[in-house]
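K.L.:
Take a look at the letters that make up each chain.
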Amino acid sequence: MAKVSLKKNKIRRAWVQSGFTVLTNSHASGFLQGKIYTGPAKAVCVPGLNCYSCPGALGSCPVGSLQAVLGSREFSMSFYVLGFLAAAGALVGRLVCGWLCPFGLVQDILHKIPFVRKYTKMRADRVLRWLKYAILAVFVIALPVWISDVTGMGDPWYCKYICPSGTLMAGWPLLAANASLRRAAGALFAWKSAILIAVLLLSISIYRPFCRWACPLGAIYGLMNRASFYRLELDRDTCIDCGRCEAACKLGIPVLTDQNSADCIRCGDCTNACPTGALHSSLDALLAQKRPDTSHGQTHKSQSSD
Amino acid sequence: MKAALSFNKKAAALLVAGILFMLIGAYRGEIAVVFQKAIIICLECIGIG
Chain S
1 MAKVSLKKNK IRRAWVQSGF TVLTNSHASG FLQGKIYTGP AKAVCVPGLN CYSCPGALGS
61 CPVGSLQAVL GSREFSMSFY VLGFLAAAGA LVGRLVCGWL CPFGLVQDIL HKIPFVRKYT
121 KMRADRVLRW LKYAILAVFV IALPVWISDV TGMGDPWYCK YICPSGTLMA GWPLLAANAS
181 LRRAAGALFA WKSAILIAVL LLSISIYRPF CRWACPLGAI YGLMNRASFY RLELDRDTCI
241 DCGRCEAACK LGIPVLTDQN SADCIRCGDC TNACPTGALH SSLDALLAQK RPDTSHGQTH
301 KSQSSD
Chain P
1 MKAALSFNKK AAALLVAGIL FMLIGAYRGE IAVVFQKAII ICLECIGIG
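Those sequence lines, one after another, are chains S and P.
What the first sequence shows, in the numbering used here, is residues 1 to 306, in sequence order.
What the second sequence shows, in the numbering used here, is residues 1 to 49, in sequence order.
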């Protein structure tokens with residue numbers, strides 16, 4: 001990704017997010033009929049938090065798939081889904097969250113609502129960032145494996161009791177189009193809708209509250225941020241310590257000291273705000289190597305955060 | 001940009017392990033479990049089940 005202006009990066013990211021969301025949710029007739037796609041592509045996971053019961057979904061949510069396999073009678077470990085997550089994480093880490101996740105796009109759009117105070121740094125933020133790891137460990141892994149019904153099947157606890165993406169992309173559209181499902185909705189649907197509404201309202205004032213604090217998929221990808229091929233690098237020789245990278249980060253990440261933080265969704269705002277190009281991605285470096293005349297600090301020694 | 005351009009061994013190992021895991025999962029029949037779950041409306045996911 002060649003370095004572009006901050007505004008151009010936001011526009012480009014919005015196009016990629018929208019394009020990928022449409023591409024992976026293009027079973028349009030499902031929204032009208034209240035039915036879901038049942039073709040062979042459903043065997044393949046998509047990288048973002050995209051419920052497989054979304055009427056438009058062509059692929060499967062990795063978090064839902066992980067719980068489905070862990071809660072099945074046959075398996076207590078999912079090589080397939082964990083392998084998919086490891087491969088995606090090895091390539092780009094949480095770039096998936098910033099550029100490819102449909103629920104991330106929804107939160108991004110809501111955060112653009114003007115005339116509402118925006119919060120970047122909050123007192124409880126440091127503690128709440130650990131919540132997503134607890135949700136991953138308890139609701140996605142432990143409970144589906146340990147608690148099973150009389151048939152030996154475990155519930156998808158995270159999908160059932162928490163996932164606001166599933167409520168938005170699958171619950172609300174399916175109930176809108178399907179009268180029998182509407183009649184079956186009760187307290188659980190009200191609970192999940194309340195979680196979704198809270199996340200949507202918080203998104204107006206706080207950038208990506210769900211990704212920041214509660215997303216188990218982001219927790220998994222975040223663990224691979226420091227190891228992935230796509231990563232951020234800081235060239236200490238050309239950095240002028242202006243702080244524009246940290247000011248541009250809406251997640252409040254200390255970019256100057258921790259470029260590959262597990263909380264970074266790699267939106268690119270920090271690298272594009274850098275006036276000297278000292279902060280760049282590994283892809284920027286690769287492209288600069290191929291275009292020697294446009295490089296930034298190519299001969300200087302770089303320092304990564306890990 | 002020396003660090004960025006050097007070969008990332010950790011990422012390569014993770015990628016190889018990921019692909020290997022996917023193949024093992026496919027061999028064990030996990031894809032069928034994912035597929036079966038994904039082609040039926042997940043009542044739990046939508047807040048009914």
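There may be inaccurate statements among the hints.
Subject to a maximum C-alpha distance of 25 Å in a straight line, what follows is the list of computed SDA-like cross-link-like pairs (lysine to any residue) [what the hints assert, rightly or not]:
(1) P/Lys9 x S/Lys7
(2) P/Lys9 x S/Ala87
(3) P/Lys10 x S/Gly34
(4) P/Lys10 x S/Arg226
(5) S/Lys35 x S/Ser18
(6) S/Lys290 x P/Phe7
(7) P/Lys9 x S/Arg244
(8) S/Lys250 x S/Leu223
(9) S/Lys290 x P/Lys9
(10) S/Lys7 x S/Trp130
(11) P/Lys9 x S/Leu223
(12) P/Lys10 x S/Ala87
(13) S/Lys35 x P/Phe35
(14) S/Lys35 x P/Ile39
(15) S/Lys118 x S/Arg244
(16) P/Lys9 x S/Lys121
(17) P/Lys10 x S/Arg244
(18) S/Lys7 x S/Lys250
(19) S/Lys250 x S/Thr120
(20) S/Lys8 x S/Leu223
It is worth saying that the hints were derived from the structure and are not from the lab.
Remember, predicted model here, so these are calculated numbers, not experimental data.
K.L.:
Decide, hint by hint, whether the structure agrees.
P.N.:
Structure-based check of each hint:
no., hint, verdict
1, P/Lys9 x S/Lys7, "34 Å, violated"
2, P/Lys9 x S/Ala87, "14 Å, holds"
3, P/Lys10 x S/Gly34, "44 Å, violated"
4, P/Lys10 x S/Arg226, "9 Å, holds"
5, S/Lys35 x S/Ser18, "22 Å, holds"
6, S/Lys290 x P/Phe7, "16 Å, holds"
7, P/Lys9 x S/Arg244, "31 Å, violated"
8, S/Lys250 x S/Leu223, "20 Å, holds"
9, S/Lys290 x P/Lys9, "22 Å, holds"
10, S/Lys7 x S/Trp130, "31 Å, violated"
11, P/Lys9 x S/Leu223, "16 Å, holds"
12, P/Lys10 x S/Ala87, "12 Å, holds"
13, S/Lys35 x P/Phe35, "16 Å, holds"
14, S/Lys35 x P/Ile39, "10 Å, holds"
15, S/Lys118 x S/Arg244, "18 Å, holds"
16, P/Lys9 x S/Lys121, "35 Å, violated"
17, P/Lys10 x S/Arg244, "30 Å, violated"
18, S/Lys7 x S/Lys250, "14 Å, holds"
19, S/Lys250 x S/Thr120, "6 Å, holds"
20, S/Lys8 x S/Leu223, "29 Å, violated"
Taken one by one, the earlier hints fail for this structure at numbers 1, 3, 7, 10, 16, 17 and 20, listed in ascending order.
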